[in-house]
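Each protein sequence line maps, in turn, to chains F and W.
No gaps in the numbering here: position 415 of the first sequence is 415 in this note's numbering, and each next residue is one more.
No gaps in the numbering here: position 329 of the second sequence is 329 in this note's numbering, and each next residue is one more.
I should point out that these hints are in silico values taken from the structure, not numbers from a laboratory.
Some clues are possibly wrong.
[Said to hold, decoys possible] Partial chain W-side listing against chain F, Cβ under 10 Å, derived:
{"#": "1", "residue": "56"}
{"#": "2", "residue": "66"}
{"#": "3", "residue": "67"}
{"#": "4", "residue": "70"}
{"#": "5", "residue": "85"}
{"#": "6", "residue": "87"}
{"#": "7", "residue": "96"}
{"#": "8", "residue": "98"}
{"#": "9", "residue": "136"}
{"#": "10", "residue": "143"}
{"#": "11", "residue": "153"}
{"#": "12", "residue": "155"}
{"#": "13", "residue": "157"}
{"#": "14", "residue": "184"}
{"#": "15", "residue": "191"}
For every residue, glycine included, the Cβ atom is placed at its ideal position computed from N, Cα and C.
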Amino acid sequence: MAAVSETDVQFWMAKALSWGQATSCSTLLDTSRHLDYLKSFLQQVLLGLQQMSSTSEAMKTFPFVGQFLGRLCWNPCVIADERSQRLLLRCLSCLYSAEPLDAVERKANTWVKNMLCHLISEEDGSVSHATVKHAGSSPKRYHSEALQKVVSLMTEEVIKSCEGLPKTSARCSNENIHTMSTACVALVTCPQMAPLIGALLKHSMLCGSSCLNQEFIKEVSKALISKRLVLEDEAVVTLWCLSPTCLEGAAVSLLESVLSDHESMTQSLDKHVNDSLLPQASADYCHIFLTVNEIYRNVLTEIDENLALRALVQVFTACFLQRVTGQKPQDRLPLRAFFPNVTPRLLSPLLTAPSEVPREAWLDHLSWIRSLLQSVTENEEAGGDVRAYETVFEAWFLLVQCGYWVDTAVELLVLAVPENAEPLLWLLTFFHHPTNRGHQRSQQTAVAKEAWTHLRILFLSRPPPPSHLGAVKELLSSSLSTNLALHLFSNFAIFSHGPVSIITEITDKVLTEAAVKRRALWILASIRCRLNSAASRDDRVHSRLRTLQDTLLQT
Amino acid sequence: MEAVLRQLQNILELLTVSQTDRVREWDQHTLQRAFQWAEYCEQLHSRFQSNPTVRSALEAGLRDTNQRLQDALPAHSPVMFSDLAQCQHKLLVHLLTNPYSPNSVVQILFPNPKTAEQEFQFDQSSFITCKSAFNLLCCSFERTSQPGLRVEAEVRGKLLRELLNSLLTRPGNDEYARTVLDCILRDSAGKPGCIYDVIAAALLSGDDDTDAVTQRFILAWIHERDGCVSELCRSLSPGVCAVLSRQSPEFKRAYWGVLKQWASCLQYDVMGSVWVPTSDGPVTFNVLADRLNHLLISGAPLKEDTETELNALKLGDGDFSVKGISVWTDLIIQLKIGS
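Based on the sequences and whatever the hints tell you, model everything.
Structure representation (structure tokens):
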């Protein structure tokens, strides 16, 4: 049993004593600063108390506990914080005995009840007691309304101070803001606090200097990430600008939710990405885009084969670009600012979405992209130095970001004639195998061509010839080319003509491993997002996509 | 109505019993029912609070039941109509302070996730959070705009104002509203000064003309109570009094009455060449001067009014320019007012 250490006890007893009723600014500051640690300590105390068999034993083992908890019950900062209140109350409940056996336990029972009474009542004869008693409503409702009023007064004050008119005679100095934010540290998860929190964040943005308590920013970002606080979109973005940690947390949080591979993720990836507010914030603030990008790029270098991650990068970029297009021209930064590391001539062809290019021009556009990328890779092979390698990586990363063009290429491959297939296959190969490790590019291109050939025959002939079924199945299970083969396969299933039933028939025969089927869902996710932003909806294609998805989801 | 009155009787009995040792017999079910009835009473109060006819019928019923219970159980403390608004809270407090109350009382306050579905819970945690959040924010907010009124008083004043508004917009509630104010004053006797801040805030928080009724009502109530005006003016800060005087001619008149009364308690000490308060004089010369100064610095039209009044008072006392004869002359000199 982990007993509570004596030094800790002494430290916290002294703190509780010095905090008293936490009414002065400095005490408030100190309490807020220690709140997190206090919660850990209370957790330890609670664990200790829970292991006691009786209150008498508890009082003997933890003689400080009565005085300590009692003092904390008078501290509004400690009580107002949701978690420390809960810990405190649970400690109190541990000290209550259902069947008190001696005077100590009986006394403890009375004491616990008194503490509870104190927590819910006002001091007799005080103004608060009188006004609450004759308020014509329950104390709960009174305090809820009182809280709302004080929050709105404070919010008003903060907003006014942002306007910075000289005639308001500096009514809200930076110190005031700092004190307010300190008070809010304990209250971050209280739903009525949202307007004040938003106003404080906005003030900090507008007034340049960060006069907000750092604990406050930390607590707000923690609460936001764990969804214990709901803020207006603007406030969230402000928080990201104020706290890089918070922004990184949000980007990682989105990444984690995608990688945990929930079914709902693949079905509405664009909605999830947009709901995270990251695309909008990235369009409004270049540094946000760069930060998020950096994080995803770093992860991609570790797990570049991960289709979920690729889908996320692709959809995030697509949503971001949509937002940028929606901005007023005078607010728009040149795209160069968002993609500083990439060869500039790659930007225009890749960042123009397929939905903005007429269908007839797709093949030419893709050939253009291919030739640009090819020249980059050839430079690398020629030079062979690190710099050239980086250029290729950045170009490849941009292609991953603008994966909608690769998807377009693969869609075209479904119905392409052999003369036109070459650039499309090259792009597909480069996408899945960017490096020419061991000069494998020619081999990989050959595999791509082989896969394409087999799939064409498979989806065009009826019934599907068994030899081709077998070949495709093998390609889909060999780890060297699975992703590429899956990519081709999914597009063939969705975009080929022929009866819908054939999708299920073929899929069942060639895709047998559950893990591979799950990966295919991610390819579907990005296809779906691209189709969602197309100019017109093709019902035939959507129904085929749905069929393929249903087939893949069947275990 | 019959059924309602019977329910009221029941709940009153329940509240009384909750303070006796008979609560030992209460089980979970009784407890739950008691709280449900208490909640019903709260709804009753909320519905009929501003309806004088129904309210007086209910009050009559309460009087009868109170009498009956008093006769039967000396422990009974009378329950007023206004108490019904906080019935559940009262019940809980009774149970917590009663040494005989069953263990389940304490358990209903601690939400236990394991038994949450079957058992009755009366979770107070969001209430406790609101209450301490309010206290915390009031401590941390230094409001410099409102002259001398702390934000806590301001909020309580606003809420009081809203209550009075809701009562006074319907006819027949004057007496009841007066009782509310009387009770608030009585029950804050432990800290008399601060309640006046709340009342001042209530006066200041009306924004448009529809509130004029409530404004007049509060001022009338202040006047009716012996010594209230001077108590109020004494505990409110000079700045707040100045703002109130600006806002309300009635208050300004009352304030002047008090100031004159205070001035009359000052006499000139020839030896020390100062005005000193008599034995029952509430304020010193300087305090009086400070209060007048606040009226002067609050700008037009109050500044001009104050000057006019001071000059008139000086005239009334004989229009002396020499110090030591009329307190008003000396005040004018101190405040550097031109005539």
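In ascending order, which of the hints set out earlier in this document are inconsistent with the structure? 1, 2, 3, 4
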